[in-house]
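Q: If you read the sequences in order, they're chains A and B.
Just so we're aligned, residue 1 is where the first sequence starts under my numbering, counting upward by one.
Just so we're aligned, residue 215 is where the second sequence starts under my numbering, counting upward by one.
Just so you know, these hints were derived from the structure itself, not from any lab.
Do not take every clue at face value.
[As the list claims (entries may be wrong)] Each pair of labels, with its calculated beta carbon distance range:
no., chain 1, residue 1, chain 2, residue 2, range
1, A, Arg208, B, Asp230, 30 to 36 Å
2, B, Thr556, A, Ala79, 49 to 55 Å
3, A, Glu142, B, Arg533, 34 to 40 Å
4, B, Arg231, A, Ala79, 50 to 56 Å
5, B, Tyr265, A, Ala79, 56 to 62 Å
6, B, Arg231, A, Arg208, 45 to 51 Å
7, A, Ser169, B, Val617, 37 to 43 Å
8, A, Arg199, B, Ala514, 30 to 36 Å
9, B, Ala386, A, Glu142, 52 to 58 Å
10, B, Glu636, A, Ala79, 38 to 44 Å
11, A, Ala79, B, Arg270, 16 to 22 Å
Heads up, the beta-carbon is just placed ideally off N, CA and C, and yes, glycines get one too.
Chain residues, written in single-letter form:
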Amino acid sequence: MPSPAPLKQIPADVLSAANVTTLSRAVLKRDRSIPVTGRIAEALRVAGLAGGLPRGSVCAVTGAAPVALTTLLLAEANASGAWVAWCAATAPNMRALFDAGWQLDRVVCVDPQHDWVACMNACVGEFEIVVTQVPSAVAPAEVRRMVTAVSRSNGIVIVVGGEPRQSVSADLEFRVEGCNWTGDGHLSAQNMRVTLGGRRIPDPRPFRVVYGPS
Amino acid sequence: MNRTRVAVVVLPRNDDRELHRLAQALDVVTPMIEMVDECALLLPMRGPTRYFGGERSVVDRIVAVAESVGVGDVRVGVGSSRLVARVAADCEGGFIVPVLRHHDFLAALPVSVLQNHAHVDPDIVSLLFRLGLGTLGAVAGVERSMLADRFGPDGDDMYVLATGDDLHPVCAEPLPTQCFVESRHDTALDDAATVVFAASLLAHDIVSQLEPRGLIACRVIAEFTTEHDESCSRVWYHPHGFTASMLTERLRWQVEKWLNDDLTAGIAHMSIDVQAVEVRRAMQLGLWGEHGEADRAAWAAVARLVAIAGDAVRVPEWRGGRDPMSQFALVPAGRVEVRDPTAARQRVTPGEVHPRTWTGEIAGIVPTVPIDPHRQVDVVDDVDQRVVVTGRHMFSSQPGFVVDGVRRHRVVACFGPWPVEERWWDAARRRRVARMQCLVDIDNRHTAWLLVSENRSWWLVGAYD
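Bound-form chain B, shown alone:
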């Protein structure tokens, strides 16, 4: 069977600028690069494999290109479906899953990958676990019609993914268009805000054209061209389709990053070409009175704020972990569906997406103010010797002072150290730290700090202010 081979490139960090740079640079390897999420992108492999002579050389090429634009440590996974390539990229160093091993690799994966990488509802994944279907192999062993009966369209999707196919094909060349909108601007737009506004009109246009047909766009090519024919084209994909706000947000990302490059002219033409559509599933609207007037006003205000401040508008999301300062991450409001109350509740509830309890958490109250970026300080004892945390997780001597730049603060009391050894099995990502709560005297006023010791140096990470 002729499956489309794809490569997924995962960046070590969530860095918008690096992702954009990498996508621009990889345009020389292949066109039609698909943006997957904040730190990953996807390349169709058929063309490049033939051109560069083998998948291994394409992967080497990708790593070389990434290094040439200053993005180190990218992980590349190659597989016969989006899901397989994505999981392969997440494994240490990333690797190539050969065509013949495709099904074996897939069958051994836990069903949680559906939730993490294929936008399958966490409720469904947890139900699969409880039904005893812990791996994708087990899911693929169930009859397709039974899955569809039990889970509806989601069950059908799961079957397709578990048997190693893609919901929507990855193509190296543009398909016949399903719907096309464009706008030309006689006076070129050079201000990011106006371009984003024009792009949002296009996004609304697409959604309102497809809506009467009962469809929703799930794979689009968005292209922006300047007066001097510089252009930026990206493929955006979401298996469940884009609402107008989701699409606008992606276009905004593309435009803002691109306008930061050295362009010689304003934008004169933009187009959205819908490559794949999905039947619009029934969206459950809240009954009258379910959401108060306050919720509606707040949702509208969040949208306006995003238009003003962009990614600086953020909402909390539970991530878990042992570090009390990063258990909730702040994610850009434009990238999540703020208007969906169930999704919003899930986003912030511990244990829904990531586990709730972690051994090694600090007990008691947590700092209210994060110090970002962490400030390096020094902890010394009464005779000015630096205090370190020994291999037996004890202080080398009793902390006496915290030296913060030129100031010395007397330590009134200190609690800890609480050691954390994270990922000791992974040479690249292992981390050994120790935390300490410490009460210091600043201008005769007691203040509490949370300090972290890593590699024999101390960092101030949070304050109880």
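With the rest of the complex left out, here is chain A:
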């Protein structure tokens, strides 16, 4: 029986250094990122991230209205098939997610109570998107370990709310600087002024998004 031809395309040193799993992960990571639409996608494109949120990254959403912005940020990804684990003490109002176009059968909420580390270990790498708030009692080393786990995984973690802690050096940071409201008999839209910054973005730039019926 003839032996199969050696794989010429992949250099021998790469093959010896990495097994098939890591290679396929690398390919997946390069080819696909978490899709985003609307103004946020435009802002990411300007910043050089055309596909959306890069997998394996940690994003922070901070400032005045972090949950509303997270809702917009993840709507497209969730609607197109990604599962979201919301691992935080306060779950968002599901009706708001529904209005933003989320598929709620792919949403799981966990209140980590005292064991944030165990819950995050069970979530990271299993769900494509994990939204969390880091409790102040968690040691910085644990947070760094989580960040490392995310970078090896195929998903992303969104740290929502609060000031970004030193230990979470986010790849992308969406900071809501302020909100204007429009209303006519009732609140109808929330205009957010957002700055996109973070480790991957050398020069932070502002943009605007509208939270409300499109």
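With the hints as your guide, set chain B onto chain A.
A: Relative to the frame of chain A, chain B by itself:
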């Protein structure tokens, strides 16, 4: 005809601890108490009726026992089948349906009770409506074979329920076992996680023993015993049978609540006794590629999370209503079948189980963050008079400030009030509230809040954060 009489006790709230306390306390009235759902349990009546002298005195006894363990306002319904007793308990105050009125009572019920209380598929119930079979009486009037032809095994079940029988009998004494598994532990288990793990092995064991015979367990007695012979025995019932994960979840509930009581020793023995089985219906497995790898990974992860965090793992479920903060409820993931995509879609789609549109909803955007528990605040006008909502649904004066504890926030704009009068026909559950959206200035930053006024006080229920 000799029918088994049963009583259903419904708690006013979904409170696990109260339900467990009540079940423990009612063990003195009768053994073999069956757990129905998150807020109801079922008692066989034959023994207690004879012992206490009449059904009325048993009901009084149940209410007294409930009050003695601090569970007030329980509603008790008595009837000749599970369905009738359950519906009777849901009526105001609960009542006893006499044997002679059994069929009349049943015949007048809408078919939606099958969906709400007997696990009949919502699609089938909606089809019954469209076929013009709006009441159980109409369903019972159709020939059994025709229902079975049209709806398959579900049609047969509906006929049995509509004619006032039970799919599986309620018995006060254990029946000959269909399948029995037990485990003994020489070193007693005192940690909830290890007990739950051992119980999950038993549950898998039961399911794998029945599976080759084409059966599924639908009524089981689960018993846990400590080294000091304290024991906790519960009957679990589901008309369509338990999968391993459903059974594990129920055992976990039983064990965790019980271990919180003051036990003197660890658990040394546990057993599951299957009392009734059902022919396993064909489970439709998704074709290859129907569910992505991501779905499978997520399902497995949900199961692992439930093992770690228990009831703190929750998934949304559409409930409807006028309150934008509670239209979707969060229910424990362990109690619903997360792996069934059709059921999951149904769970979260407005209008599938509960109606979609409600008059009196607030328009525009809804708050993103619920404030739970609601925080009491005060709304005052420019001269520090409290603002209330008048009988004509107007503000008594223009809101000027929101007082939140020691802080005063200026009101930039406010919308409302939107009055809601709920269940005005029911003296016990009626509710009159008014909602207001309000834009306040906190440290020179505008924030929007949703406030609710009830009984002349204001509550902060949601924030647009």
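Q: Evaluate each hint against the coordinates.
A: Checked hints:
Distance hint check for Arg208 of chain A and Asp230 of chain B: the Cβ-Cβ separation is about 46 Å, which falls outside the suggested range of 30 to 36 Å. At about 18 Å, the CB distance of Thr556 of chain B to Ala79 of chain A disagrees with the hint of 49 to 55 Å. Distance hint for Glu142 of chain A and Arg533 of chain B: a CB-CB separation of about 37 Å, consistent with the stated range 34 to 40 Å. Separated by about 38 Å at the C-beta atoms, Arg231 of chain B and Ala79 of chain A break the suggested range of 50 to 56 Å.
Checked against the hint of 56 to 62 Å, the C-beta distance between Tyr265 of chain B and Ala79 of chain A comes to roughly 59 Å, which is consistent with it. Between Arg231 of chain B and Arg208 of chain A the beta carbons are some 48 Å apart, a value that agrees with the proposed interval 45 to 51 Å. Ser169 of chain A and Val617 of chain B have their C-beta atoms about 40 Å apart, which keeps the hinted 37 to 43 Å range intact. For Arg199 of chain A and Ala514 of chain B, the Cβ-Cβ distance of about 32 Å falls inside the hinted range of 30 to 36 Å, so the restraint holds.
Separated by about 54 Å at the C-beta atoms, Ala386 of chain B and Glu142 of chain A satisfy the suggested range of 52 to 58 Å. Remark: the range hint 38 to 44 Å for Glu636 of chain B to Ala79 of chain A is contradicted by a beta-carbon distance near 33 Å. Under the hint 16 to 22 Å, the C-beta atoms of Ala79 of chain A and Arg270 of chain B, about 56 Å apart, miss the expected range.
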